[in-house]
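K.L.:
Chains A and B, in that order, give the protein sequences. The first sequence lines up with residues 1 to 235 when you count with this note's numbering. The second sequence lines up with residues 1 to 354 when you count with this note's numbering.
Simulated from the structure, these hints should not be mistaken for laboratory data. A quick note: this is a predicted structure, and the numbers were derived from the prediction, not measured. Treat each hint with caution, since some may be false.
Stated by the list, open to error - List of simulated lysine-lysine pairs, DSSO-like, C-alpha gap at most 27 Å:
no. : chain 1 : residue 1 : chain 2 : residue 2
1   : B       : K342      : A       : K153
2   : B       : K325      : B       : K174
3   : A       : K163      : B       : K339
4   : B       : K43       : B       : K335
5   : B       : K335      : A       : K163
6   : A       : K9        : B       : K115
7   : A       : K172      : B       : K43
8   : B       : K43       : B       : K342
9   : B       : K159      : B       : K171
10  : B       : K43       : A       : K153
11  : A       : K196      : B       : K123
12  : B       : K43       : A       : K163
13  : A       : K163      : B       : K342
14  : A       : K123      : B       : K129
15  : B       : K129      : A       : K9
16  : B       : K161      : B       : K151
17  : A       : K9        : B       : K123
18  : B       : K243      : A       : K231
19  : B       : K159      : B       : K51
20  : B       : K43       : A       : K151
21  : A       : K172      : B       : K51
22  : A       : K202      : A       : K123
23  : A       : K151      : B       : K335
24  : B       : K339      : B       : K43
25  : B       : K339      : A       : K172
26  : A       : K151      : B       : K339
27  : B       : K171      : B       : K161
28  : B       : K244      : A       : K231
29  : B       : K161      : B       : K339
30  : B       : K123      : A       : K2
31  : B       : K43       : B       : K325
32  : B       : K151      : B       : K163
33  : A       : K151      : B       : K342
34  : B       : K339      : A       : K153
35  : A       : K123      : B       : K339
36  : B       : K129      : A       : K196
37  : A       : K153      : B       : K335
38  : A       : K172      : B       : K129
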Amino acid sequence: MKLYLELTKDVRFTEGLRSCMNCGICTAICPAAEFYDYDPRIIASIIQSKDEKRIEELLKSDTIWYCGECMSCKTRCPRGNTVGLIIMALRSLSQELGYFAESEKGRQQLAIKRVIGENIIYKGYCVLPENLVPEMHPEQGPVGEWIYENKEKVYERVGANYKGDGEGALRKIPQESLDEISRIFEITGGYDRFEKIEHFSKMKAESMGFSENEDNYSDYVNHIFTTNNGKHNRQ
Amino acid sequence: MRREGKIQVWQDYQKEIADDHYFYVRSCIRQNFFPGAEQTFLKILRSELNKDIYENPHHTSCSGIGYHSDIVPFDTIQTVVARQFALMTEAGYQNLAVSCITSFGIYNEIIETWKEFPAELEKVRNFLKTATGREFEIPQNVSHASDIVYKFRHRITDKAKHKLVNQQTGKPLKIVEHIGCHYSKMFPSKGVGGAEFPHVLVGMIESWGGEVVDYPERRHCCGFGFRQYLVMSNRGYSVSNSKKKFESMAPYKPDAIVSNCPGCPMFLDRWQYVIEEMEGKTYGENGQGIPVLTYEEMAGLVLGYNPWDMGLQMHQTNVEPLLDKMGIQYDPDLKYAGKDGKIIGNPMMVGCGC
Numbered sequence: 001m002k003l004y005l006e007l008t009k010d011v012r013f014t015e016g017l018r019s020c021m022n023c024g025i026c027t028a029i030c031p032a033a034e035f036y037d038y039d040p041r042i043i044a045s046i047i048q049s050k051d052e053k054r055i056e057e058l059l060k061s062d063t064i065w066y067c068g069e070c071m072s073c074k075t076r077c078p079r080g081n082t083v084g085l086i087i088m089a090l091r092s093l094s095q096e097l098g099y100f101a102e103s104e105k106g107r108q109q110l111a112i113k114r115v116i117g118e119n120i121i122y123k124g125y126c127v128l129p130e131n132l133v134p135e136m137h138p139e140q141g142p143v144g145e146w147i148y149e150n151k152e153k154v155y156e157r158v159g160a161n162y163k164g165d166g167e168g169a170l171r172k173i174p175q176e177s178l179d180e181i182s183r184i185f186e187i188t189g190g191y192d193r194f195e196k197i198e199h200f201s202k203m204k205a206e207s208m209g210f211s212e213n214e215d216n217y218s219d220y221v222n223h224i225f226t227t228n229n230g231k232h233n234r235q
Numbered sequence: 001m002r003r004e005g006k007i008q009v010w011q012d013y014q015k016e017i018a019d020d021h022y023f024y025v026r027s028c029i030r031q032n033f034f035p036g037a038e039q040t041f042l043k044i045l046r047s048e049l050n051k052d053i054y055e056n057p058h059h060t061s062c063s064g065i066g067y068h069s070d071i072v073p074f075d076t077i078q079t080v081v082a083r084q085f086a087l088m089t090e091a092g093y094q095n096l097a098v099s100c101i102t103s104f105g106i107y108n109e110i111i112e113t114w115k116e117f118p119a120e121l122e123k124v125r126n127f128l129k130t131a132t133g134r135e136f137e138i139p140q141n142v143s144h145a146s147d148i149v150y151k152f153r154h155r156i157t158d159k160a161k162h163k164l165v166n167q168q169t170g171k172p173l174k175i176v177e178h179i180g181c182h183y184s185k186m187f188p189s190k191g192v193g194g195a196e197f198p199h200v201l202v203g204m205i206e207s208w209g210g211e212v213v214d215y216p217e218r219r220h221c222c223g224f225g226f227r228q229y230l231v232m233s234n235r236g237y238s239v240s241n242s243k244k245k246f247e248s249m250a251p252y253k254p255d256a257i258v259s260n261c262p263g264c265p266m267f268l269d270r271w272q273y274v275i276e277e278m279e280g281k282t283y284g285e286n287g288q289g290i291p292v293l294t295y296e297e298m299a300g301l302v303l304g305y306n307p308w309d310m311g312l313q314m315h316q317t318n319v320e321p322l323l324d325k326m327g328i329q330y331d332p333d334l335k336y337a338g339k340d341g342k343i344i345g346n347p348m349m350v351g352c353g354c
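Sequences are here, hints too, so could you generate the full structure?
P.N.:
Written as structure tokens, this is what we have:
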């Protein structure tokens with residue numbers, strides 16, 4: 001498979017890379033470049049080189065997972081490139097080929113799929129109050145914990161319709177609508193993406209010594225959700 | 001840039017905002033963290049402005065957080081968005097009112113993609129028809145909910161019970177405005193004032209008596225970064241970016257921060273608590289935090305709405321310093337009360353700087 005050719009099939013890639021002159025404005029404005037050992041200018045340079053070996057390295061690296069997709073690069077690029085869009089095309093291809101499982105940051109896709117992905121399918125929302133378990137979200141603080149422990153009463157107080165029928169914030173999405181979302185995922189490749197994330201993650205988990213047991217690799221999910229080797233940041 | 005230059009840029013980025021008859025699509029993040037803000041927005045439109053705004057219970061998440069954390073393919077989100085458009089079309093509406101900045105960016109990205117790549121539009125029409133039997137029209141107008149409040153800001157001024165003015169000193173309150181990145185960084189022409197000088201919140205603040213704080217990192221991202229917050233081990237990215245903004249704005253002594261994005265106020269609120277816990281540092285007056293509001297909440301305070309009806313008790317950083325400056329009466333004993341007036345329970349430690 002020619003990796004560069006695959007990338008060109010993604011309209012976001014076509015829009016994202018026009019002609020980069022490597023001026024580095026994207027790096028100057030990039031929040032990720034300030035925090036991580038990351039340089040969007042180099043991403044554009046590698047892709048523009050069409051060097052298959054270097055593109056493959058990129059697809060297997062932590063590097064492509066550092067971007068926050070804020071798209072600040074879009075605003076400032078004098079040539080109209082958007083490295084954030086190139087990154088989205090790279091991440092899609094990395095998951096398609098299973099390369100995401102080769103890096104610590106890439107492996108995190110399984111945790112995101114298991115929470116956000118399954119929320120969308122089963123509840124019709126990306127995020128749910130039930131996800132904000134205080135142990136996993138200490139940043140939500142005592143107020144967040146108070147909300148979590150008293151969800152029904154707090155949401156009722158502020159006019160939400162938590163798990164209720166009809167309209168309103170946090171309402172229950174009707175099953176027939178969830179069925180439509182499920183069919184959309186089925187025919188547009190959404191479930192294929194999910195299955196690939198699960199498949200390649202399972203292979204990686206086993207190679208790392210994790211077993212399925214009865215909890216569907218939950219030890220592995222916990223590992224990828226919390227592990228940080230401390231080598232990602234700009235020194 | 002000189003003021004004349006800014007005015008010129010501003011004139012280049014006028015945007016049309018529909019006047020009435022909106023199809024409302026909610027925000028996953030805002031529903032979780034600031035559901036009262038969405039209720040406040042609907043109340044303002046329906047009760048104060050007599051506008052028609054319709055919500056179909058069958059609409060879902062746009063799946064945008066999944067898309068920007070790269071687990072949802074582009075074809076999939078395009079079709080989920082097309083389904084929202086189909087619901088709008090079937091209900092007889094043409095103007096989309098979007099609660100979420102991530103969704104707003106996605107709606108604009110997808111509509112622009114369909115203009116640039118017509119084959120994508122045809123593909124998505126087929127996907128949607130096959131999956132659901134539905135057909136759709138592209139909205140004539142896509143406005144973020146903050147655009148709509150901006151459009152009617154003077155009518156809100158006319159009904160104001162409070163101003164963004166310090167009642168003790170008589171001086172305008174100093175407000176930091178934070179624009180969510182996806183509001184206009186991707187498509188400057190889709191935002192009021194473009195990407196460099198977005199005016200959507202400035203217009204509200206100045207109309208309601210406040211003074212906008214211009215500080216070096218004004219346009220820097222709050223640090224959400226999608227996967228950079230969703231995954232626990234990545235959250236250093238998120239708090240570091242918020243901290244960069246706090247450090248930059250603090251010397252200007254802002255009285256409050258207001259944001260038009262659902263996620264940004266949550267991060268700017270919660271990360272103040274985290275920084276205090278980690279470093280003992282606070283950025284507001286008297287060892288307190290800087291209160292953080294959504295624009296709906298700010299509009300509601302101006303209109304005299306009860307802070308606890310709007311959900312300001314769901315903020316980690318205390319909002320009382322701002323309420324006191326504005327001269328707003330509130331009952332502190334009812335802050336953590338339920339709908340029946342009985343106390344639900346007090347958080348173990350409340351607010352930033354407590």
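K.L.:
Next step is simple, just say for each hint if it's right about the structure.
P.N.:
Hints, one by one, checked against the model:
no.: 1; hint: K342/B - K153/A; in the structure: holds (10 Å)
no.: 2; hint: K325/B - K174/B; in the structure: holds (11 Å)
no.: 3; hint: K163/A - K339/B; in the structure: holds (17 Å)
no.: 4; hint: K43/B - K335/B; in the structure: holds (21 Å)
no.: 5; hint: K335/B - K163/A; in the structure: holds (24 Å)
no.: 6; hint: K9/A - K115/B; in the structure: holds (17 Å)
no.: 7; hint: K172/A - K43/B; in the structure: holds (21 Å)
no.: 8; hint: K43/B - K342/B; in the structure: holds (25 Å)
no.: 9; hint: K159/B - K171/B; in the structure: holds (21 Å)
no.: 10; hint: K43/B - K153/A; in the structure: holds (21 Å)
no.: 11; hint: K196/A - K123/B; in the structure: holds (23 Å)
no.: 12; hint: K43/B - K163/A; in the structure: holds (21 Å)
no.: 13; hint: K163/A - K342/B; in the structure: holds (22 Å)
no.: 14; hint: K123/A - K129/B; in the structure: holds (22 Å)
no.: 15; hint: K129/B - K9/A; in the structure: holds (24 Å)
no.: 16; hint: K161/B - K151/B; in the structure: holds (19 Å)
no.: 17; hint: K9/A - K123/B; in the structure: holds (14 Å)
no.: 18; hint: K243/B - K231/A; in the structure: holds (21 Å)
no.: 19; hint: K159/B - K51/B; in the structure: holds (16 Å)
no.: 20; hint: K43/B - K151/A; in the structure: holds (23 Å)
no.: 21; hint: K172/A - K51/B; in the structure: holds (26 Å)
no.: 22; hint: K202/A - K123/A; in the structure: holds (25 Å)
no.: 23; hint: K151/A - K335/B; in the structure: holds (15 Å)
no.: 24; hint: K339/B - K43/B; in the structure: holds (18 Å)
no.: 25; hint: K339/B - K172/A; in the structure: holds (20 Å)
no.: 26; hint: K151/A - K339/B; in the structure: holds (13 Å)
no.: 27; hint: K171/B - K161/B; in the structure: holds (17 Å)
no.: 28; hint: K244/B - K231/A; in the structure: holds (21 Å)
no.: 29; hint: K161/B - K339/B; in the structure: holds (24 Å)
no.: 30; hint: K123/B - K2/A; in the structure: holds (25 Å)
no.: 31; hint: K43/B - K325/B; in the structure: holds (25 Å)
no.: 32; hint: K151/B - K163/B; in the structure: holds (18 Å)
no.: 33; hint: K151/A - K342/B; in the structure: holds (15 Å)
no.: 34; hint: K339/B - K153/A; in the structure: holds (7 Å)
no.: 35; hint: K123/A - K339/B; in the structure: holds (26 Å)
no.: 36; hint: K129/B - K196/A; in the structure: holds (26 Å)
no.: 37; hint: K153/A - K335/B; in the structure: holds (13 Å)
no.: 38; hint: K172/A - K129/B; in the structure: holds (25 Å)
Hint compliance for this structure: no hint is broken.
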